[in-house]
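Trainee: With chain P held as given, fit chain V onto it using these hints.
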Amino acid sequence: MSSRGGLPATARTLGLGALVCALTGCYAGVQDHAGQDGEADAGDAAEGGDAGEDEGEMNEPLACDGQSVTVAARPMRRLTPVQYQNTMRDLLGDAGFVGEYDSAELVIAERGVRQLRDGAEEALSRRDQWTASVFPCDIDTDTDDACADDFIDQFAPRAFRRPLRADERAWLQGVYADARAQVNFHDAMEVLAGAVLQSPAMVYIEELGTPVEGAPEDIRKLTDHELASRLSYFLWDTMPDDALREAADEGSLHTEQTLRAQVLRMMQDDRAQARLQQLMWTWLQLDGGQLHFSLEETPKNASFYPEYGPALQDAMRVELEAFISDVLTGEGSFEQLMTSTRAYVNGPMAELYGVEAGPQSADEWAWVDLPADQRSGILTRAAFLTVFASTQSSSPIRRGTYTLEEVLCYELGAPPADVDDSPIEGGDQPGGDAQTVREATEARTSGEVCSTCHTVINPVGYVFEHYDAIGRWQDEEVVTGLPVDSSAELVGLDADGPIADATELSTYLASNERARSCFATRWFEEALGGGVGELDGCAHDRITEDFTTHGDLRELVTAIALSDSFRHVNLGPVEQGE
Amino acid sequence: MDRSFKHSGRRAFLRGAGGAALALPLLEYTHGHAWAAGGDGPLRFLTVFCHGGTISNQLKGSRSDGNGNKHGLDLWRPADASSPDLVLGPIHQPLEPWREKLLVLEGIDNKAAITQDQYNAGAHGIANCSALTAGDVTSGDDKVAQSASIDHVLAQRLAARQPVPFDSIHLKVAGHQYGSPYFSGPQQRVGGESSPKKAFETIFDGVTGGQPDPAILLRNTKRSSMLSGLMDGYSDFHGRVSTRDRHVIEAHLDHLDALEQQLQDPIVCNPPEGIDADGGAGNVVGPLLADVIVAALRCGLTNVANLEIADIISPWTSAGGLQAGLDIGYDIGHSLGHMARDIGPTGPQSSKYDDWVTYTLENRRWRMSLIARLLEGLDDPDFAEGDGTLLDNSLLLATSEFSNGSVHSSWNVPVLLAGSAGGVIETGRFLNYNDAAASDPDTLEYSTQESVHNLYTSVLQAFGEEDTHFGNGDAEHEGPLPGLVG
Numbered sequence: 001m002s003s004r005g006g007l008p009a010t011a012r013t014l015g016l017g018a019l020v021c022a023l024t025g026c027y028a029g030v031q032d033h034a035g036q037d038g039e040a041d042a043g044d045a046a047e048g049g050d051a052g053e054d055e056g057e058m059n060e061p062l063a064c065d066g067q068s069v070t071v072a073a074r075p076m077r078r079l080t081p082v083q084y085q086n087t088m089r090d091l092l093g094d095a096g097f098v099g100e101y102d103s104a105e106l107v108i109a110e111r112g113v114r115q116l117r118d119g120a121e122e123a124l125s126r127r128d129q130w131t132a133s134v135f136p137c138d139i140d141t142d143t144d145d146a147c148a149d150d151f152i153d154q155f156a157p158r159a160f161r162r163p164l165r166a167d168e169r170a171w172l173q174g175v176y177a178d179a180r181a182q183v184n185f186h187d188a189m190e191v192l193a194g195a196v197l198q199s200p201a202m203v204y205i206e207e208l209g210t211p212v213e214g215a216p217e218d219i220r221k222l223t224d225h226e227l228a229s230r231l232s233y234f235l236w237d238t239m240p241d242d243a244l245r246e247a248a249d250e251g252s253l254h255t256e257q258t259l260r261a262q263v264l265r266m267m268q269d270d271r272a273q274a275r276l277q278q279l280m281w282t283w284l285q286l287d288g289g290q291l292h293f294s295l296e297e298t299p300k301n302a303s304f305y306p307e308y309g310p311a312l313q314d315a316m317r318v319e320l321e322a323f324i325s326d327v328l329t330g331e332g333s334f335e336q337l338m339t340s341t342r343a344y345v346n347g348p349m350a351e352l353y354g355v356e357a358g359p360q361s362a363d364e365w366a367w368v369d370l371p372a373d374q375r376s377g378i379l380t381r382a383a384f385l386t387v388f389a390s391t392q393s394s395s396p397i398r399r400g401t402y403t404l405e406e407v408l409c410y411e412l413g414a415p416p417a418d419v420d421d422s423p424i425e426g427g428d429q430p431g432g433d434a435q436t437v438r439e440a441t442e443a444r445t446s447g448e449v450c451s452t453c454h455t456v457i458n459p460v461g462y463v464f465e466h467y468d469a470i471g472r473w474q475d476e477e478v479v480t481g482l483p484v485d486s487s488a489e490l491v492g493l494d495a496d497g498p499i500a501d502a503t504e505l506s507t508y509l510a511s512n513e514r515a516r517s518c519f520a521t522r523w524f525e526e527a528l529g530g531g532v533g534e535l536d537g538c539a540h541d542r543i544t545e546d547f548t549t550h551g552d553l554r555e556l557v558t559a560i561a562l563s564d565s566f567r568h569v570n571l572g573p574v575e576q577g578e
Numbered sequence: 001m002d003r004s005f006k007h008s009g010r011r012a013f014l015r016g017a018g019g020a021a022l023a024l025p026l027l028e029y030t031h032g033h034a035w036a037a038g039g040d041g042p043l044r045f046l047t048v049f050c051h052g053g054t055i056s057n058q059l060k061g062s063r064s065d066g067n068g069n070k071h072g073l074d075l076w077r078p079a080d081a082s083s084p085d086l087v088l089g090p091i092h093q094p095l096e097p098w099r100e101k102l103l104v105l106e107g108i109d110n111k112a113a114i115t116q117d118q119y120n121a122g123a124h125g126i127a128n129c130s131a132l133t134a135g136d137v138t139s140g141d142d143k144v145a146q147s148a149s150i151d152h153v154l155a156q157r158l159a160a161r162q163p164v165p166f167d168s169i170h171l172k173v174a175g176h177q178y179g180s181p182y183f184s185g186p187q188q189r190v191g192g193e194s195s196p197k198k199a200f201e202t203i204f205d206g207v208t209g210g211q212p213d214p215a216i217l218l219r220n221t222k223r224s225s226m227l228s229g230l231m232d233g234y235s236d237f238h239g240r241v242s243t244r245d246r247h248v249i250e251a252h253l254d255h256l257d258a259l260e261q262q263l264q265d266p267i268v269c270n271p272p273e274g275i276d277a278d279g280g281a282g283n284v285v286g287p288l289l290a291d292v293i294v295a296a297l298r299c300g301l302t303n304v305a306n307l308e309i310a311d312i313i314s315p316w317t318s319a320g321g322l323q324a325g326l327d328i329g330y331d332i333g334h335s336l337g338h339m340a341r342d343i344g345p346t347g348p349q350s351s352k353y354d355d356w357v358t359y360t361l362e363n364r365r366w367r368m369s370l371i372a373r374l375l376e377g378l379d380d381p382d383f384a385e386g387d388g389t390l391l392d393n394s395l396l397l398a399t400s401e402f403s404n405g406s407v408h409s410s411w412n413v414p415v416l417l418a419g420s421a422g423g424v425i426e427t428g429r430f431l432n433y434n435d436a437a438a439s440d441p442d443t444l445e446y447s448t449q450e451s452v453h454n455l456y457t458s459v460l461q462a463f464g465e466e467d468t469h470f471g472n473g474d475a476e477h478e479g480p481l482p483g484l485v486g
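First to last, the protein sequences are chains P and V. Sequence positions in the first sequence follow our numbering and run 1 to 578. Sequence positions in the second sequence follow our numbering and run 1 to 486.
For reference, chain P alone in the conformation it holds in the complex (with noise of 0.2 Å):
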């Protein structure tokens, strides 16, 4: 029900190559970030009233000398719900606890708030199960305001993620004496243990940095303590641990040998397995989006698909997660993710794939090969497949819409308000012959207000044709029976010839340039909470550069963690007009 993905659009293009032109409607605001659409940049600069020195630097190409530190503005953030929980699992350590608080808002809601305090008393209420130390004094017991004063020097900092200032301390104390002044020790430790935990150096991910000699004002470097907090919510969506912690207290984080060691050590932790893993997912939009369901409430017509169900549904999310996590613990590389031809099957995922000798039963999982000449990566994986089609037909128009805005960082704009979005079956057309999915597709988008995207969406699409709707392999269309074609010639892509299938797209978007320019720049907009703007211009080329040279996942998130955009935060205006 949510809209997909939770980041904004991204800003800059990837400057690459002829885009097809913009004709009313289609594409919505791509800028080229060499400047040569110079006017939308005066405005643009105008319109964000960003004061300072850097509105010059805003207009300009950005040169990456090195000398500069330069990083763009973004809003400050607060623990997503899924970072909630899991830092308030590690900061009790209590596995168990689940927090309802859900809030996802740009601002946060009084829903939000009440949510934190009834997450706050619902961990002080399992008391029993915390196996961290918490409280340095037994509540129930003891009575010593001293206690208070040990609690605040011991906890405050880790819940805090960084040593407390000195008026900080006075403050807590102070809450614990107004608490005690009305109630028992007891309830007045409880009393301040819950406002640490709904503090905002708890609940906001705060990054004031120290001044950069030479950068103007606004341009901050970030603390150890701040660095070591942005890297474990990137990949581990949690709080720092205690080696990270301790690298911040060093002050040696920022270093970039304790970088990169960090980085590495943190790459091979399971959390960090499943914080990509769900970054995969989320980039896949297979938990669902305005326009598509999830794929576990994607439904399927039942007489074309007998065996889709809840049980091949969770088997697809198996597979696929499987398949992602064999990238990211195996080879680690893009041209992995888009070509390798592994799969973990099970008995019905094997049928569906084609795979004869493999597992049988549903019960049996086992990694096989898939045929290479109608299987490749993610794209030809059942999951993907199944969530952009319709209930009975694969759909070209959302198979290529997708590929073009995720993959190749395409912005299409909106369709007309009163276009026809029904699904488009293809079979008998009244007073006319029975048309393939294709060609009613070709049908429906071919007049001149649609043509303009469609020209470029289409053939994209087309190229998976040889899909049915759960991700089966057809020669013939199962809903008409008549023959597929999917051979298709990409528009404004730079592409040699052709392309055949979605096996020969695979190839071609492995090691394309945009591709991998695009799947950085996502992981980038990940790690910096926010969209990339002018002045990351600098990270975001190295980074863009390195990945679409090598490919390496891991060598993509140290570039990142390394960037002066990770290292760094700019406390000024954030852009407007993107």
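You can trust all of the hints, since none of them are fake.
Cβ-to-Cβ under 10 Å is the rule here; a few derived chain V residues that face chain P: (1) K60; (2) K70; (3) G122; (4) G140; (5) D142; (6) H170; (7) V190; (8) K198; (9) S224; (10) M226; (11) S228; (12) A251; (13) H255; (14) Q262; (15) D327.
Bear in mind the hints are in silico, worked out from the structure with no lab data behind them. From the three backbone atoms N, C-alpha and C, an ideal C-beta is built for every residue, glycine too.
Mentor: Same frame as chain P, but now just chain V:
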């Protein structure tokens, strides 16, 4: 930012002689305020927001006659548009018992959506953000409104003179929709509570018909202490963060203040029973949410209640069995509303026409049944307020972001009003602002000068507020709707 204390007046209001909380007669439910004293009752405002539009023939600035594609039915409008009395249309049949206390309005556009939509229709996102705010919407993928919605604005005004624990409550029947239309401030979208049980536990927390539970009192003392400490901490944080982020912490502080407001003297009122469901289908959840709203208003727990209903399909209605034959899946193109574009009395899908009309009508009537449940509770004479009922002291507004959802039209949005806001609105009327209807009430021509900006200005004025305009500058004219508020 002025953060004046909202609750000091209320302590005085709720305390009787000697500082004790007022003891009130214990009926099945009872009012949280003393009514016996007479005088004007407090005023309440309710919104019922039905996502996805209704059965309407509005296609942007024109109306369809239903030949072939794009059927021409408008089942929202009165069955007899010429009659001086309100004659309810097909969708509003469940509301017939309260006909004399209703108004149906026609010819109100959402000009904010129409102006900001590149296709001049309304559009998802933009329409949702502007339906109740009549205001600017951000650009980009994740659209939000740049101003507060009418319910929030009015809630704050009413809370200033009728202090209550909750400025407003917001419940929703969850399902597919394009974003909550409710905003508590610029870019501050508010989501509703979809669990009746959680809604009940939050709103009726600490409310009993007798002596307050000592455990609750202790818990509230601790909460109050925690909140007080947190407000200090967040105020300090406010001074440290970047200027551009301060509004975020200001909002957080406002909410901490609201939580504190809810800790003031417990309301003495018997809470409703049987609100146990945590979730479930719309026909389970919807009525319970309506009951929570009625009870909350009766007990004086809030002045403003919002019931949001997602664009759900209703297989439990009498026509629900037609769903399979119409092949209604979740697929956007196949959802109920979008079929209006393709299914007409003639044309390739005409064989489905009767079934589609039947099912859609039942679906829309089911939404009205929730309004009926609200009206039944609010208009119950057992809970009289002076000479009238709670409904007479209320104004209920039912609307949607679209008229014809299948073409995303924010022209001629559906508007239903109930209650007279304390006698200032003459009810039992059909008000048609379509300029072309003066000569022919059933004309297919359409033009209007009125927008939701004017509707919400009227709403504010109905509650005695002096605003001359609500919303941005996209309306044709400022000021209220002509002839609505007496």
